[in-house]
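Start from the sequences, fold in the hints, and give me the full structure.
From first to last, the protein sequence lines are chains A and B. All the letters of the first sequence, read from the start, carry residue numbers 11 to 261 under this note's numbering. All the letters of the second sequence, read from the start, carry residue numbers 164 to 365 under this note's numbering.
Certain hints may be false.
Said to hold, decoys possible - Derived EDC-like pairs: lysine to aspartate or glutamate, alpha-carbon spacing no greater than 16 Å straight-line: (1) K316/B with E286/B; (2) K244/A with E50/A; (3) K312/B with D249/B; (4) K142/A with E195/A; (5) K276/B with E203/A; (6) K183/B with D81/A; (7) K180/B with D81/A; (8) K180/B with E77/A; (9) K220/B with D271/B; (10) K47/A with E349/B; (11) K222/B with E197/B; (12) K100/A with D171/B; (13) K172/A with E218/A; (14) K235/B with E197/B; (15) K180/B with E74/A; (16) K183/B with E77/A; (17) K226/A with D247/A; (18) K225/A with E255/A; (19) K172/A with E203/A; (20) K361/B with D202/B; (21) K194/B with D169/B.
Honestly, the hints are just simulated from the structure, not real lab data.
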Amino acid sequence: MVAKRIIPCLDVKGGRVVKGVNFVGLKDVGDPVEIAKQYELQGADELCFLDITASHEGRETMREVVERCADVVFMPLTVGGGLKSVAEIKAVLRAGADKVSLNSSAVKNEDLISAGADIFGKQCMVVAIDAKRVDGHFEVFINGGRIPTGLDAIEWAVRAQKLGAGELLVTSMDTDGVKNGYDIELLDAICREVNIPVIASGGAGKLEHFSEVFKKTGADAALAASLFHYGELKVRDVKEHLYKEGISVRR
Amino acid sequence: MIAVIDYDAGNIQSVIKAVKYLGANVILTDKEDEILAADKIILPGVGAFPAAMASLKEKGLVSVIKRAAKEKPFLGICLGMQILFDRGFEFEETEGLSLIPGEVRPIDAKGLKIPHMGWNSLEIRKDCAVTERIKSGDFVYFVHSFAAKTDAKYIASVTDYGGEIVASVCNGNVFGTQFHPEKSGETGLDILRGFLGKEATL
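Structure representation (structure tokens):
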């Protein structure tokens with residue numbers, strides 16, 4: 011059976027890995043290629059790079075980062091952040107990425123999901139959803155969590171799958187950075203409505219949070235950033251924990 | 164020298180990078196003389212069966228590949244493995260390269276997500292270049308919606324996804340992996356080392 015995946019996420023700015031809390035207050039945590047290699051040695055199943063500048067220069071720098079990583083790291087790489095056109099998607103795939111993650115651009119231009127899926131295949135297209143509880147439902151926010159869209163996150167997840175998304179990266183803005191566990195309610199609601207893989211994001215703070223999200227929701231993968239960057243937990247420890255809990259992982 | 168066949172099959176760079184990382188000399192080529200002069204050949208592939216065959220035909224590579232595969236070690240990866248068989252049924256019935264008897268059909272995994280995407284474990288069935296350095300239980304990375312149906316004597320390893328799925332095959336000097344060794348970490352590199360033999364120095 012397919013193993014549950016553990017995915018470290020690297021927020022990249024100016025060719026360096028940075029990390030903030032609740033989307034603000036950035037700290038430099040190191041060279042992306044070095045960090046990627048360390049994660050591979052620890053047993054990471056996949057890596058996610060997010061270009062948090064989302065500017066033209068940022069995208070150029072990101073392509074170089076992906077290219078350098080793909081020289082030495084042999085696992086699936088997902089790249090996201092500010093990709094607005096098929097040409098930009100093609101450029102990161104050519105640089106060595108296996109998948110692209112679309113967030114704001116997918117909300118603003120749904121056709122980009124279908125166009126990308128038609129050309130590169132659904133398996134290349136990850137739609138990232140940042141959601142927050144507003145008036146009793148989960149609302150989709152874009153532009154790094156700054157702009158509410160009025161969209162319901164669960165409806166948007168279903169629509170994204172229909173448009174050609176091959177995977178969803180679901181981040182709860184309520185739990186992100188708080189380290190009190192993944193947003194089980196949000197993830198469970200989305201997993202019940204779609205039949206493409208779902209990556210859980212936002213809120214991991216200790217080993218038990220990983221087993222909890224796999225036991226209580228249909229999530230296929232769990233993503234974390236600062237937890238791994240600062241060495242609070244090693245990917246290998248998470249895998250050992252999951253294995254002991256009876257969850258299928260690659261060890 | 165390793166020749167990676169260039170036919171617009173997507174994600175070719177990852178294969179080249181992995182082969183280079185292992186210390187082998189590699190060229191990306193669609194030229195007959197370069198393919199026939201290489202020591203070993205890799206046919207990568209991401210996309211659909213009919214488009215891949217059409218592209219090989221358009222480039223006049225079908226007979227070159229068939230000839231090369233008679234003479235030297237040949238590895239098809241993912242879609243590059245699928246087109247080694249007699250025919251495929253993606254969108255429409257399409258003739259393959261017929262280097263290994265068998266055909267390629269949609270994955271029949273009741274209730275499971277398609278594509279079969281992610282890390283899955285192997286069960287080794289036969290000792291050959293693409294299995295000799297790995298063991299049953301090792302994980303590799305799959306992304307596919309179609310799977311090969313072939314005689315047990317060609318099956319090198321299988322995986323389980325709602326039933327048995329052919330993971331790697333061999334027929335003499337022709338090899339294929341349904342998964343992506345170039346994306347399968349140290350296990351994947353070991354599989355490539357097995358195929359590359361003395362061409363790999365790292």
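Violations among the numbered hints:
As far as the earlier hints go, 9, 13 and 17 are violated by this structure, in ascending order.
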